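> For the sequence shown, the positions run 924 to 1295 when the numbering used here is used.
Careful: at least some of the hints might be erroneous.
[As the list claims (entries may be wrong)] Only pairs whose alpha carbons sit at most 20 Å apart, straight line, appear in this in silico DMTMM-like list of lysine to aspartate or glutamate:
#, residue 1, residue 2
1, K1237, E1107
2, K1079, E1020
3, K1050, D1002
4, K1004, D1156
5, K1187, E984
6, K971, E1107
7, K1210, D975
8, K1204, E984
9, K1015, E1107
10, K1043, D1002
[Unchecked claim] Computed Cβ-Cβ distance ranges for the label pairs, DEER-style:
#, residue 1, residue 2, range
11, D1083, F1185, 35 to 41 Å
12, C1112, R1030, 39 to 45 Å
13, F1185, R1121, 57 to 63 Å
Derived from the structure by calculation, the hints contain no laboratory data.
Owing to the predicted nature of the structure, the values given are computational and were not obtained by experimental measurement.
Glycine residues also receive a C-beta, built at the ideal position from the N, C-alpha and C atoms.
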Amino acid sequence: MVEGWIENPYWQLLSGEHELQWSATVASSDLTHFRKRIGKKGAESLLKLSVDLFHPKIKEEEVVVDTTVQEKNITFPTDAKLTKKVIDTCRKIANKEDISLRQSYIRTAPDLLRQASNRKSPRQKKKAVKATRRIRTIGRAMLRDLLRKMNDKQLKPHVDTLLNATSILFQQKYDKDKIYSLHEPHVECIAKGKAHKRYEFGTKVSIAKTRDSGVILGALALPGNPYDGHTIDVVLKQLKRITGTQPDILIADRGYRGEKDFGKTQLLTPSRPSPDDTEYKKRKQRKRFRKRAGIEATISHLKQDFRLGRCFLKGEIGDQINVTLSSATHNLRKWIRFRLELFFNLVYKTHNNMFCGNFNYYTVTLLSKTVF
């Protein structure tokens, strides 16, 4: 957008400029500094402001909640790739601290990584396994050589990085709390049972929205990959902070099995109807859980349109800020489309004959979505 603004004089005119500007008026790091200043509380305040725009609509008694995975901006972790990253990090630290290593492996390590990447090939599997063992041996030797030659003053600023590197080099296949990235060590491996994506590497997030109007009321990052049913308490606390009240009914999928009562809030999950249930109650439950499925589409829009699909922000605080701002932006677009729809409806009613009878409600909705 900034590059387009520089080359487009019409954008500059509409944004209030009187003379053509040939350089950007903002730096790319401005948003980074802004996010650091507001923190998690500031991001939640922005979400609250976006929710307050829908004030009459958010007073619904029923709220839908679900979890998904916000993937982190890391490569798919393999033993060879992680070890190669450790080797590069050790070399970088040695150069920074002016330490002469016994060997740099600057040409050997990339060759071994290429060989190790052919593990799925039947003809190259044996060679790939051998290359993986060799690159891990090199990584351990390089780490020991670096630690031997560092004094306390040189070691102090790199303690956390070297501890993570040691964990990567010595972790085994079935270990718990494994490290999947050297620069994002908090990333977790989460299996959601998807056919197309067996494992996802990131953080579990919880999304809560109103059942009928679809306004997102809560968005939380949940480090540690907790069980869905154990996240209800923190979700309700955030809903209380943002809306000022707790919903009467919380609708969720079967992944939330367990405790059903949380103070004044009752958790409902799909289950077989009781033999004593009336037809009216059965129809009401079916309608309720069909509405619950609508949150899947909301999560998909958050991932495709609002950058929830991959988090580029650093650390656990970056996960929380990203999911909160994504939800706030979703609400803002929903509000703008609602206002545009009202505007086009007004035009339609005022000038009914202008469009030769082809300007109906669906055209109004399409126009509002096309404009924004």
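> Evaluate each hint against the coordinates.
Against the structure, the hints:
{"no.": "1", "hint": "K1237 / E1107", "result": "7 Å, holds"}
{"no.": "2", "hint": "K1079 / E1020", "result": "11 Å, holds"}
{"no.": "3", "hint": "K1050 / D1002", "result": "15 Å, holds"}
{"no.": "4", "hint": "K1004 / D1156", "result": "39 Å, violated"}
{"no.": "5", "hint": "K1187 / E984", "result": "11 Å, holds"}
{"no.": "6", "hint": "K971 / E1107", "result": "29 Å, violated"}
{"no.": "7", "hint": "K1210 / D975", "result": "27 Å, violated"}
{"no.": "8", "hint": "K1204 / E984", "result": "17 Å, holds"}
{"no.": "9", "hint": "K1015 / E1107", "result": "18 Å, holds"}
{"no.": "10", "hint": "K1043 / D1002", "result": "14 Å, holds"}
{"no.": "11", "hint": "D1083 / F1185: 35 to 41 Å", "result": "38 Å, holds"}
{"no.": "12", "hint": "C1112 / R1030: 39 to 45 Å", "result": "32 Å, violated"}
{"no.": "13", "hint": "F1185 / R1121: 57 to 63 Å", "result": "33 Å, violated"}
When each numbered hint is compared with the structure, violations occur for hints 4, 6, 7, 12, 13.
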